[in-house]
Amino acid sequence: MNLSYLFDAAHWDFSTSGSIPQLLLSHIWYVFLALVIGTAIALPIGLYIGHTGRGSFIAINAGNAGRSLPTLGLLMLMVTLLGLGLLPVLIALTVLVIPPILTSAYAGLRSLDQRVVDAARGVGMRPWQVLTRVELPMALPVLMSGFRSAALQVVATATVAAAVGLGGLGRLLIDGLAVNDYSRVLAGAIVVAVLAVLLDLILALAQRWIISPGLRASR
Amino acid sequence: MKRFGRFSLVSAAVALTVALTACGADEDPLANDNGGGSAAPGTITVGSANFAESELLAEIYSQALEAKGVQVKRQFNIGARELYLKALQDGSIDLLPEYNGALLSALQKGGAAEGVSSPEDVLAALKKVLPSGTEVLEQAAAEDKDTLTVTQETATKYSLKTIDDLKPVAGQLTIGAGPEWQERFQGLKGLEQVYGVKFKEFKPLDAGGPLTVNALTKNQIQVGNIFSTDSSIAKNKFVVLEDPKNLYLAENIIPLIRTTANNPTVTGALNAVSAKLTTENLTTTLAKVQLDKQDTASVAKGWLSENGLV
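Residue numbers (numbering that gives the first Met the number 0), protein chains in the order written: chain H, 0 to 218; chain P, 0 to 309.
Hints were generated in silico from the structure; no laboratory data involved. Since the model is a prediction, treat every value here as computed from it, not as a measurement. It is possible that part of the hints are untrue.
Unchecked claim - Distance windows between CB atoms, simulated:
no.: 1; chain 1: P; residue 1: A296; chain 2: H; residue 2: P43; range: 44 to 52 Å
no.: 2; chain 1: P; residue 1: Q151; chain 2: H; residue 2: I59; range: 32 to 40 Å
no.: 3; chain 1: H; residue 1: L24; chain 2: P; residue 2: K244; range: 50 to 58 Å
no.: 4; chain 1: H; residue 1: G52; chain 2: P; residue 2: A296; range: 46 to 54 Å
no.: 5; chain 1: H; residue 1: F56; chain 2: P; residue 2: E191; range: 37 to 45 Å
no.: 6; chain 1: P; residue 1: Q171; chain 2: H; residue 2: W11; range: 29 to 37 Å
no.: 7; chain 1: P; residue 1: Q171; chain 2: H; residue 2: F31; range: 27 to 35 Å
no.: 8; chain 1: P; residue 1: K244; chain 2: H; residue 2: P69; range: 40 to 48 Å
no.: 9; chain 1: P; residue 1: G170; chain 2: H; residue 2: S67; range: 43 to 51 Å
no.: 10; chain 1: H; residue 1: A205; chain 2: P; residue 2: K244; range: 53 to 61 Å
no.: 11; chain 1: H; residue 1: F31; chain 2: P; residue 2: K217; range: 22 to 30 Å
no.: 12; chain 1: H; residue 1: L71; chain 2: P; residue 2: Q293; range: 19 to 27 Å
Claimed, not checked - Simulated coverage check for chain P against chain H, where a stretch passes if three residues somewhere in it have a Cβ under 8 Å from a Cβ of chain H:
no.: 13; region: 67-81
no.: 14; region: 194-205
As the list claims (entries may be wrong) - Some chain H residues well away from chain P (every beta-carbon gap over 12 Å; in silico):
no.: 15; residue: G54
no.: 16; residue: F56
no.: 17; residue: I59
no.: 18; residue: A61
no.: 19; residue: S67
no.: 20; residue: L81
no.: 21; residue: D112
no.: 22; residue: A119
no.: 23; residue: R120
no.: 24; residue: G121
no.: 25; residue: V178
Just so you know, even glycine gets a beta-carbon here, dropped at the ideal spot from N, CA and C.
Could you put the whole structure together from the sequences, leaning on the hints where they help?
Structure below.
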């Protein structure tokens, strides 16, 4: 196993363009943007469907259709339509992020014990209060698992940005393959994998912190 | 939900382990692949680079061989030269369509010697540096060169005719090419050393493929590496910059083959293809794939029957 590219100090110099820290930073930036945009779109829709029970077939079908779209194909299509740049990459990655968050928000609300929701209504909560004070906190464990799976998927898939001339850790994979430098490809694969593990750890900690202790004790 | 958290961590760890062991045994994954070489005896595995023309030529070779009763296994769309040459040397593939000049520059340390640019000189120099166990057959008259290509507007705006004209303005321009151009002599390095041309930015795209053409028409790159037989040049009225210092050598199409896979039948079939292949008929045939979106196999078949080879 040739780790020379990964451990060469020159490749870790932040000031050189194309160095690992720079690529890492742009990679995280793409992941962050895709997660923020994807959540902003999927979460309200998922909560609405879960809360009202209306349009659940949309949630299920959109979720399944979105999952089956090949990201690379979608990306190439977007580049043909929109040209190069960050926008086509963000669209392709956001489409990847939406299904798990949408379905987990919907499933999280649907799986709640309806007696709890009835009780909330019974004590005089308004629909908005039922959603924000009862349904959402109790659905958080399911919701977070959807978010974490979206985050892991997008960390791995954001490497496609390099296929259309952008940065990110995919540069190491694609440039390494193009010039037959497997040490570089390996470095890219390792950094992506480590980033995925770290991100999942951080989200696991966040999950412990934001989920009500009452819910945790019950499991 | 704790279980899910653990599961995703474990799967990430498994993915990492798989990635490590897959690359771990050897730094070159192709080296462990006996897939191509261990095909039925007498079978020739034909490879190609990852662009339309290479695939078309590989398909023409394959069908010409099959017409002579040779068993053929197709392993197309492998990648850039740096990648498929390794595959050829380790026996994963037996035969490839190559370009004499580009192959010479890839094999010769420091690139082709000065003054070597005619098809004959290039072929002679190439024969001296071929990897052991491989040989080239007869080269075709057909040529397909790397070019620096700009749009009509860019050419007019900066009055560009040759690569030399780029020198004063390159600092404002972005160039797009395959990622390998960043490190190849006949890419950015040669442009800087031979012409003193240094671009503002390099965008790693594809080797003269749809991404590069698209970016050029949208002016997201101003200079693109497009192959001279590419039908998109005529279609988009692109301007191909002349190369007065011959950074890009003769690029005649030539079959590169493993000696162990070669025999008189194979040589005969491939030399017959080279004898009929011209830049003109290659350009029109390639346009059928690129512009008319016809199937490569049927286009190859059409070319072979037009030229009386099947």
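Discussion item. Need the list of violated hint numbers for this structure, in ascending order.
Written reply: 2, 3, 5, 20 and 25
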